[in-house]
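Participant: Here's the letter readout for the chains.
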Amino acid sequence: MAEEGIKAIFEPKSVLLIGTSGIKKRAGLASPEIFTLVIQNMQRFYKGKTHILDLRGKLSGAVKSFGKVPKKQDLAVLMLPPELALKNVRKLVDKGVKAIVAVAGGYNREQRERLVGAATKRGARLLGLDAGMGVLNTSNGLCATFERDIMPEQGGIALLSQSSSIGAAMLDWSRFYRAGISKFACTGDGADVDEADLINYLARDGNTKAICVYIQDVGDGRKFVESLREAVKRKPVCILKAGAVREGVRRAISRTASLAGKDEIFDAAFKQGGAIRVRDLEELFDVAKALVSQPPMRGNRVAILSNARGASILATGAIHREGLMLAKLSNKAAREITNRYSDIKAINPVNMTADAKAEHYKFTLERILGDPNVDGIMVINMLKSRLLELKDLETIAKAAKKSKEKPVVDVAVGEVDHMLVREVLKGEEIPTYALPERAARALRALYQYGQVLEKVRE
Amino acid sequence: MAARKKVVEILSSIREMGRRELLEHESKQVLAAWDIPTTRVELARDAAEAVKAARELKYPVVMKIASPDIIHKSDAGGVRVGLSSELEVREAFEEIMDSAREYKPKAKILGVTVQEYMHRAREVIVGTVQDPTFGATVMFGLGGVWVEVLKDVSFRLAPLTVVDAKEMISEIKGYPILAGIRGELEADIDAIVDILQKAGQLAQEFPEIVEMDINPIFVFDRGKGATAIDARIILKEEA
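Chains as they are written, first to last, in the numbering used here: chain B, 1 to 458; chain Y, 1 to 239.
The following block holds chain Y by itself, in its conformation from the complex (with noise of 0.2 Å):
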């Protein structure tokens, strides 16, 4: 129940600022209290606590701009990988801010997000939606860029049985890649069962998240886990 409390709580705080969609470190504080692993993020607002953030969440970090008007970061110029000092974070924060003022001068800018830097692993999305007719959906698939084109992804209805997910994932045309192909180890498959089921939950509790996106989540080799590198929370327009 504290889980429900705490999302409850960030919720109503997004409401409270008149917005229906959570930036990127609020969809993950969301994710977090529900005990869906992603990476540990914090939000600076100066260099001063952005270097403070690196150095707690240890070297290197990622560093992302966090604006509820830049929704493609990576097209504003507004991510940075693999940042290993302050001199580089320092430099980072300077360098995000000034782009996405650049990309877009009207952009509300809330400051910078540094984050745990996690090593590539093979990709999926899982996200959430609220159907008219049968209510909390989830879907999984393929993350990355290409989900859109291929459309190689699958569905089912909230509350998710371990079969229910693990049909789900077996179903997509693209399971090869995450059971292991040329020598390579099969990925977490529990992890992204478990990461399945807790979407299905978060969604059939809070009917008013009514689009809700985790891609990529990077899933590990098996016993190794999966992590969300990025969210996004959509809320119900209020009527």
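Okay, chain B solo, but in the shape it has when bound (with noise of 0.2 Å):
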């Protein structure tokens, strides 16, 4: 029943949205407001069937008891102050409910336990409390969260976030950055369900092709751990770890403990789960942008192809600095590309010149990507004061589609350009930055996962 509860948290048949319209003040969130704004996201995007129980019946389409509520209901929202919760969860599970949403806290500790012990007895998982921004599913239309315009785009990012306000932030730059979402959860304070059970099923979810994590603390890090490396043999996990700062153990003896910061051993968990750790949020997205779209990158040496040389210096420093290292192309490439465009330097970083068109790009990057000294490549275009086209852009993205076992990352250099391309390449799945520096951490991360994947095998 553990798996089917966190099943029903994402996929349930049916939903329950219970709160009260008799309440003013807002205790602990669990506002009329908030009740309303769930119902109307639920009816406007949910596929499957809602029922609306108002203990004061008061609002239009909502029952007033449960004796009115179907049975079997998969999913409940629960959006009751406290006291009221705790005096109806033993309904809501009576109902058969496999999964409630705590979206309100405002609990004490007494209340806490009190609710998850009767929510959990007969085997229904809690989500929260205090999982304020909720639960939305894209490929259901789920959106059992009271944020206003918050439904993103579907694609391959799960994001999960410990925080309500991380996780509207999270929402709120996948909808800028066009990146799409297959689920998203807030833990909130994990009472029940964590961040553990809730990879373990992401890891297993098909629509989901990365996860991402905003977490602040684990509870149980062993098990956190342990889901980590499972889930990395089928799908990359980017982990955002809110304070890096080094504070040793308190009234520590050894020189050991002293150095044994919070984060420091985070950093370590981290990496023998084979999560890939990012610093902010810009980051989480390009990074996770990349790895949805792109095949891991199984060795280190990039490839730079682009039509103008001062960026392509900047990129060179940037993949240093990442780590990662220039390729150096084979006699076989260069003299290719030598050979059909006598002007073109066949040097990584390959310099093309400013009138470099579709063509050049295709042929040039074609060649790179069949060049065994290469594992990965970022193609930088610039438009301003170029000759290339918005249009010369799709023909790269094809080129760069073909390539099954090597990732390609493209570079517009500027956010105004870089827009006009994204929006060009919606669809093409080909990871686009306004930034080399951005392209090389998305590389870099790449990499990680490739080698993730390397030691999951040996």
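Be a bit skeptical, because a hint or two may be false.
What the hints assert, rightly or not - In silico lysine-lysine, DSBU-like type, Cα no more than 35 Å apart, as pairs:
no., chain 1, residue 1, chain 2, residue 2
1, Y, LYS6, B, LYS223
2, Y, LYS166, B, LYS223
3, Y, LYS151, B, LYS235
The set of hints was computed from the structure by calculation and includes no laboratory data. Values in this document were obtained by computation on a predicted structure and should not be read as measured data.
Put the complex together from the two separate chains, hints included.
Facilitator: This is how it looks when you write it as structure tokens:
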């Protein structure tokens, strides 16, 4: 039932929204406004069945008592203040609910324990408490959240957040970057369901290609690492962990304890779990969009193909800083390139002249992709003061797509141009970046995941 | 299992004495029981015992003050190295006792440890802690006095695979020193791997060992092993 409970959080056949329009105060987020917003979101997006139980019975379309709610509700979204929640949780469990999302917080310790105890007694799972941003699933339209205009595009990135506000920020950025999302969940205080449970589920979820997690702390460290170890065999996991301050064990006697900061140990745990640690939300999405669309990089040798020399110099520095190196092109590839285009110097970074068009890119990129000395490629296509046009980019993306073995990332160098490029290449499955440094981070993450897979196979 | 039993014995004898910090020779007994290579050591309560121990260990020997109240043994004038005759051992015993008493008149002194002498080699530190979130965790770094300033250390959760241990070693910035610089031979990395793995197992088997420093460990050239020169084990505070 445990597994079934987690599944019911994301894939319920029917959902019961339970709240009350009869309270005035915002008691721990459980306000009538939030109740209404969740109802609106669910009615707008969710493809399954929704039932509304308003204990006050004033909302239109809502029933007033448990007796009128059909049996076999998979998921309940609990939006009652603590007292009322505790009073009604038994009835929810009796309805055969497999999972409960406790959106509201404001529970004291004793109330928290009672709620978790009552909810999980017969095997139902509880997400929360304080799982404010709730749960989203883009494939069935589940939108159990009170945030407006938050439903992201469908895609392969799963997002987990301990914090509601960072969860909201993740969804905001995913919309801005047009990064497709499979599922989202806010774990809140992790009273029952924790990150490890959700990672285990997402690892086996067919719609999820990469898992991104924001955590502040974890409860059961070993369980968390074990979930990472299993998940990374199937798909990459990126972690943004708050708090990178070195703080040793208090009252340390030994040198080791004085040096063993919490963050250093988390870092070790992520490494052993095979997760990719990122420093901020920007990097999280830069890395995630590459991981969902590109194959992992098997070695650390990168080729740069550019129509602007300055940008390729910046890119070279960035690649080295990320611990990668410039590939040395094979004689065969170099010869083929110079035979066709005598003005291109086939030395990595491969700089083409400012008049390079789609066909230059296509031919050169194909040669580099076929070069056994190259593990991954950064394509730089500046639009400013070059003869390249937006439509040329489709040709580049198509050529890149043919490569099933090696990752390709694209850099426009400039945010305005990047947004244009991104629109043109929407749906082409090539990650695009505004800066070479950001693309280099993405390549590094692809390399890290390649290394993780190598280790798993050993 | 014999190793486990031996460690249990040592730890409970420390508890019986009402302590939670093991002295160097006690910590080394634990390491030795756990098959972690360490210098042989005997506790001598008087000069005659010191001479007897030195003879058994073979000259030259090292002598160090043994007191739960003196942590920085060198500061207390409590360390003598390279003693190669009975006369030197007798003199060293008296001198160490005198300077320790002068350094800390109220210190409880158990005597002086006599230890086998090791030629200097590259120094590393291996340590363990019990992390509240992740449990037994192992640390590695270059040993000596700079470790706390440079903070050039790496961590992994126990148990460690060989790959984990090798990564820990190669991850630190000072790794080239172990790999060998300017024509130096490579240090015995496999011996460090072995110590890291065993230290991790020890911390996992005994959660009551809340902190452990094995520092320094002398690491000899490849194939020649590594030996713990000093060690410190701290037990959990009793509730």
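Participant: What are the numbers of the hints the structure violates, in ascending order?
Facilitator: none
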